[in-house]
Amino acid sequence: MLSVKENMIVEFSADLLKQFSEVVSRYPEGKQKSALLPILHIVQAEYGWLSVDAMEKVALFLNIQPIEVFEVATFYTMFLLQPSGKYLLEVCRTGPCCLVGAEKIMDHLEQKLGVKEGEVTPDGLFAWRGVECLAACGFGPVLQIGPSYTFYENLTVESVDQLISDLTNKSKNEA
Amino acid sequence: MGRKLLLEHINVPGINTLAVYREKGGYRAVEKALKSMSPEDVVEEVKKSGLRGRGGAGFPTGMKWSFLAKPEGVPRYLVCNGDESEPGTFKDRYLMTYIPHALIEGMIVSSYALGANTSYIYIRGEMMPQIRIMEKAIEEAKAAGYLGKNILGTGYDLEIYVQPGGGAYICGEETALLESLEGKRGNPRIKPPFPAVAGLYNCPTVVNNVESIAATVPIVNDGGEEYAKIGIERSTGTKLISASGNLVKPGVYEIEMGLPVEEFIYSDEYCGGIANGKRLKAVVAGGSSVPILPANLITHTINGNPRLMTYESLADGGFVSGTAMGSGGFIAFDEDQCIVRNTYNYTRFYRHESCGQCSPCREGTGWMEKILYKIEHGHGSMEDVDLLWEIQRKIEGNTICPLGDAAAWPVAAAIRHFRDEFEWHILHPQEAQQRNYGLAHYADPLVPVTE
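Which chain is which? The protein sequence lines are A and B, in order.
Using my numbering, read the first sequence as starting at 35 and increasing by one per residue.
Using my numbering, read the second sequence as starting at 648 and increasing by one per residue.
Bound-form chain A, shown alone:
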């Protein structure tokens, strides 16, 4: 759902605009709308989510209607329409991963982070959600973390704990 309560006014930097133009150059003249998905990924990587204002500005850039951006952003599940935690842990919850314990990993995350699926921890650092098949079935359970979408495979309760403490430390060092 589009968030109307929360909005984030953005201004695309010259570097971002350059990246946008590079993407547009991949398609024939007049087919710049094809650049929409790649550009939304770039915007989300920059700001963490897609605000209505950001999407309207993408529409302006591509010379298309804002609704054409909204309908795409709401269709594809990778696009976040609300702000989330700094690290959004997306656990695969589809068949093959469940055969090897994905449900246990999600239960553990809920308990360890103390937040329900989709919610953000009070420090704003973590959120988690179940997502559908990530094409890593042979190495399950798996989770991914955007915006680089690094995969963590063959998860165990211990390796998840380790990952969370690593990310917490990493974030402290960055601050």
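Derived by calculation from the structure, the hints in this document are not laboratory data.
Watch out, some of these pointers could steer you wrong.
[To be verified] Per the computed footprint, the stretches of chain B lying under chain A, defined by three or more beta-carbons under 8 Å from a beta-carbon of chain A, are: (1) 891-899; (2) 947-961.
[Said to hold, decoys possible] From the structure, some residues in chain B lie toward chain A, with a derived Cβ separation under 7 Å: (3) 772; (4) 775; (5) 800; (6) 803; (7) 804; (8) 811; (9) 813; (10) 829; (11) 907; (12) 935; (13) 992; (14) 996; (15) 999.
[As the list claims (entries may be wrong)] With the C-beta cut set under 8 Å, the calculated list includes, among others, these residues of chain A facing chain B: (16) 72; (17) 205; (18) 206.
Where a beta carbon is used, it is the ideal one built from N, C-alpha and C, also for glycine.
Given the coordinates of chain A, assemble chain B onto it according to the supplied hints.
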């Protein structure tokens, strides 16, 4: 040891770089095709090879290519389908991660055969690392003169671009993929017109799976006839199988078509048997949408013949006692797994991924999910099983794209082969919460069919 055509050098250090890939004989197919063959020759070799689409449908690739319309002055496109979202399938991710130049080389050869000067590789958005790998490989190939203007001085021009998806299963369907590539929602188009006539930007387009495109490299190198010597009947060449679930060694294996299923599951060269010393209960042989089979029917056909990894043998017995090769996503279930829970899980997946265009799929998948949730959580009734059967029957064949069928088949097969497990959930709701139905008669040898 079976022959390996795609993964032969997968363990060579640095095979992901152009230099090592070329040392191992890479880009020979580009030299050969562009310098000594006409585009028609390449199409002819692919036809002779008997290569069938590796994405799931199994349609002959050479024939698909020959349908491509060639009107004057209109660009043609090759689009590589790297959406790979069928649960149980992860071979394309593996191929792109470890040997990206195999795909680039296949893309160049295939684009040349089709007369395309711009080609796109559509990769699902979650595979951002693979997208970066492919972009780097394209840069390397371009620097080496295999891409760009006047490739190897032959006058042929080609640019390849990578396009990320957004996390939608439906975009693996070729017309939905094209919609997505045009920057729209992934709603499948009504066919005809087929992409071969009006595809990307309304121009003639071929959409092929990653593995199909990579397979054109050995076909050009050694000739289509040589490729067709591997395999049985109309299942030629090698196939990448993604093995997952309760196996000792899950992973991606390249097999020669015709390998017995039993050998694939139990031999140490492949999956090495069922993990933790358990027994095999069931297998989904070709990605989540193909019918699930109990252990006795996956290793042997209803007539008692060993079942082989070929399009024909896996489909032996139709949907009554057989399954399908699909995308090669081989999911094994041990005796501790619950079929009802798994069917509920798959149905939730299809409800989540339905694009919502066609009512039977949009409404039917959600309805089936609710019923299955009810049964799994001990609130089901016997009528629910019949209702499930009715709903899946009314979805199948009544939608624009095959997602409806893909959602219906797993439910139908689960009821067909494991009905007593559904009934046990209904009759013993308390017990079903605490333990699993187990193997029961599913592991018993099949009773031979007698007159």
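Consistency of the hints with the structure:
Under the rule that three or more residues need a Cβ within less than 8 Å of chain A, the assignment of the stretch 891-899 of chain B holds, with 6 such residues. Requiring three or more residues with a Cβ within less than 8 Å of a Cβ of chain A, the coverage given for the stretch 947-961 of chain B is violated, as only 0 such residues are present. Of the supplied interface hints, the one on residue 772 (chain B) holds, with its beta-carbon coming within about 5 Å of a beta-carbon of chain A, less than 7 Å. With a cut of 7 Å, the hint placing residue 775 (chain B) at the interface with chain A holds, because the nearest CB-to-CB distance is about 4 Å.
Violation of the interface hint for residue 800 (chain B) is found here, the shortest Cβ-Cβ separation to chain A being roughly 25 Å, above the 7 Å cut-off. At a threshold of 7 Å, the smallest CB-CB gap from residue 803 (chain B) to chain A is about 19 Å, leaving the interface hint violated. A hinted interface residue such as residue 804 (chain B) counts as satisfied when its beta carbon comes closer than 7 Å to some beta carbon of chain A; here the least separation is about 14 Å, so the hint is violated. Restraint check, residue 811 (chain B) versus chain A: the minimum CB separation of about 6 Å is within 7 Å; hint holds.
Annotation: interface hint on residue 813 (chain B) holds; nearest CB of chain A at approximately 3 Å, less than 7 Å. This hint holds: residue 829 (chain B) has a C-beta 6 Å from the nearest C-beta of chain A, less than the 7 Å allowed. Taking 7 Å as the C-beta cut-off, the interface hint given for residue 907 (chain B) is violated, the closest approach to chain A being about 21 Å. With a cut of 7 Å, the hint placing residue 935 (chain B) at the interface with chain A holds, because the nearest CB-to-CB distance is about 6 Å.
At about 5 Å, the closest approach between the beta carbon of residue 992 (chain B) and any beta carbon in chain A falls short of 7 Å, and the interface hint on this residue holds. Because the smallest distance between the Cβ of residue 996 (chain B) and any Cβ of chain A comes to about 5 Å, under 7 Å, the interface hint for this residue holds. At about 6 Å, the closest approach between the beta carbon of residue 999 (chain B) and any beta carbon in chain A falls short of 7 Å, and the interface hint on this residue holds. Hint on residue 72 (chain A) holds. Least Cβ distance to chain B is approximately 6 Å, under the 8 Å limit.
Proximity of residue 205 (chain A) to chain B is violated relative to the hint, the smallest CB-CB distance being about 21 Å (cut-off 8 Å). Restraint check, residue 206 (chain A) versus chain B: the minimum CB separation of about 25 Å is more than 8 Å; hint violated.
Hint compliance for this structure: hints 2, 5, 6, 7, 11, 17 and 18 are broken, all remaining hints hold.
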